[in-house]
Amino acid sequence: MGRPYSNIPFWGWGTMTKRKTSPWNSIKNDLIAYAFMAPYLVLFIVFLLLPAVVGVYASFTKWGIIGEPKWRGLKNYTKLLDSELFIESLQNTLYFVVLAAIPLIVLGFLLALLVNQKLRGRNIARAIVFLPHVVSVAAVGIIFQWILERSSGLLNYYLGVLGVNPPINWLGDPDSAMPAIAITTIWWTVNGNMIIYLAGLQDIPEDLYEAAKIDGAGRWQELRYVTIPMLMPVNAFVIPLTVIACWRVFGQVFVMTRGGPQGSTFTVAQFIYETAFVNFNMGLASAAGVILMVITLSFTIVQLRAMKVI
Amino acid sequence: MAVSWRKDSVYRDGSLNYGRLALYAIMIFVAIVWGAPFIWMFVTSIKPDTEVFSYPPTWWPNEPTLEFYTRLFDSFPMLQWFRNSLIVATITTVLTLATNILAAYPLARMRFRGRKIVLLIILSTFLLPGEILLVPLFLGMIKFKLANTYFSIAVPAAANAFGVFLMTQFFLSIPVELEEAARLDGCSRLGLLWRIFIPLSKPVIATVAIFTFVRSWNDFFWPLIISNTDATRTVPVGLAVFVGRGLSMRFGVIMASAAAATIPAVIFFLLLQRYFVRGISTTGLQG
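Sequence lines, in order, name chains A and B. Numbers 0 to 309, taken from numbering that gives the first Met the number 0, label the letters of the first sequence in order. Numbers 0 to 286, taken from numbering that gives the first Met the number 0, label the letters of the second sequence in order.
Source of the hints: derived by calculation from the structure; they are not laboratory data. Watch out, some of these pointers could steer you wrong.
Stated by the list, open to error - No farther apart than 20 Å at their CA atoms in a straight line, the calculated lysine-lysine pairs in the PhoX-like style are these:
#, chain 1, residue 1, chain 2, residue 2
1, A, LYS69, B, LYS142
2, A, LYS61, A, LYS78
3, A, LYS61, A, LYS74
4, A, LYS117, A, LYS212
5, B, LYS142, A, LYS61
6, B, LYS115, A, LYS27
Chain A extracted, bound-state conformation:
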């Protein structure tokens, strides 16, 4: 029940005891440790660490698909900040983050509360909500293109039944395209947050609720004074990871709108894709990638500071 190994300090030495060793044994021990890690570290360095460093370097250069990079200093960055397209992509992405991240977090929490209730069939409900997690973004995108279709789409039909008229041109209207992408994203990925909050809920010791009950707390007070405060550590990673994922939105947009209509869903990841892999301007795309990284990292730091985690 709950997180089985949460009581083990990840940063500490666990249950290891310190042994007295000679200097040679200690070096040998280090060598053995690194030998075990070597295969993974090679992958990690070659395909993650090194590309990250080169990515930052590339952002200061002019670099095409062939030829050598030429140092350009901060030119890529000034060019980006002068570029209307890039600024628009930042604004669009920020809009998407607001539209999607807040529901992903709040709804994830509410769904976890719901399927944590003692209700018949809650395991089936959990499984159904979780199902989209295993579906590729390509399939999700095309399924929702069909559901959101203007004249024969499922959503407009049932909205019509509820009295919403005329039908909304979800993916064709610049005002509704981003909300449509957000709806798709929420359907697709809210389940991850639901599961994390569910694990968090099941970690809360039962005694706290007993104590609250003895003090005469009703359900709302339990929620307000026990459940929500106890989930703060969960929030400390759900919120940054959700926000980072939203800033990186790509597949849904690529499949459903390709950034349109009228650039209304053109996000930073689309900008990077087109700049790097359609126009082959690697330096400029890398600078956009660095800006994306700076935004997500500063958000994470500010948020964790506000929550007094760091």
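Fit chain B to the supplied structure of chain A, relying on the hints for placement.
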């Protein structure tokens, strides 16, 4: 099992009252909202051409047919894409398991210089938006003439730190006494890993394997960039680039392609559900 059935719920009141009825109603609504798109996809894919756009929408065709599937497999190299996805996901998964198990052992069980720094660097990559990696990886693959190979699609994905994190956490929970007894019997460290850690970690190994496989199967951005031939193109890229491109009048075929891509994943999930749940709930990461 991290998320478990709980016999004694927070609210012990098990009787049926208005509050509980409302909860049931909400739960049913939620199940419909999340289930309907799958059903709608499948129903559309087995409709004949004439019924796809029927209005109001019908939830079962008058004449179910597999015509769209025939058309799909005739017009697109779906089977080749499936084969590619399978090969890529298998390479990534095997590589991830082998390297992660080895790396997690010293991280959890040995004192060595630089342990905290290694851990910190590995874990900090969770906060790194992967977009920054795409350009260097792409240029590197081009430079070494590896674009459009299974290697280029599959291997970079194995650098993900999710599995190392999960396995290290699990290895930390294995009682140290077991290890010490085996060491006194003269067991080498590799022997320890093979005889004690791996057998005890089967559930977490399964979790990492399944997570890695599904992530690799569904990966989109990187395969989109690095493969542009049918010989290596994976299912999601094939769907997005060919089948589903602005072909608004062909929703039948498109839904058949989505169903063909989704049904194996759904079956896979229903069989192995608990491993997904464990992977997410013990790490807080979604793969």
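Evaluation of the provided hints:
| no. | hint | in the structure |
| --- | --- | --- |
| 1 | A:LYS69 - B:LYS142 | 17 Å, holds |
| 2 | A:LYS61 - A:LYS78 | 12 Å, holds |
| 3 | A:LYS61 - A:LYS74 | 9 Å, holds |
| 4 | A:LYS117 - A:LYS212 | 18 Å, holds |
| 5 | B:LYS142 - A:LYS61 | 17 Å, holds |
| 6 | B:LYS115 - A:LYS27 | 19 Å, holds |
When held up to the earlier numbered hints, the structure conflicts with none and fits them all.
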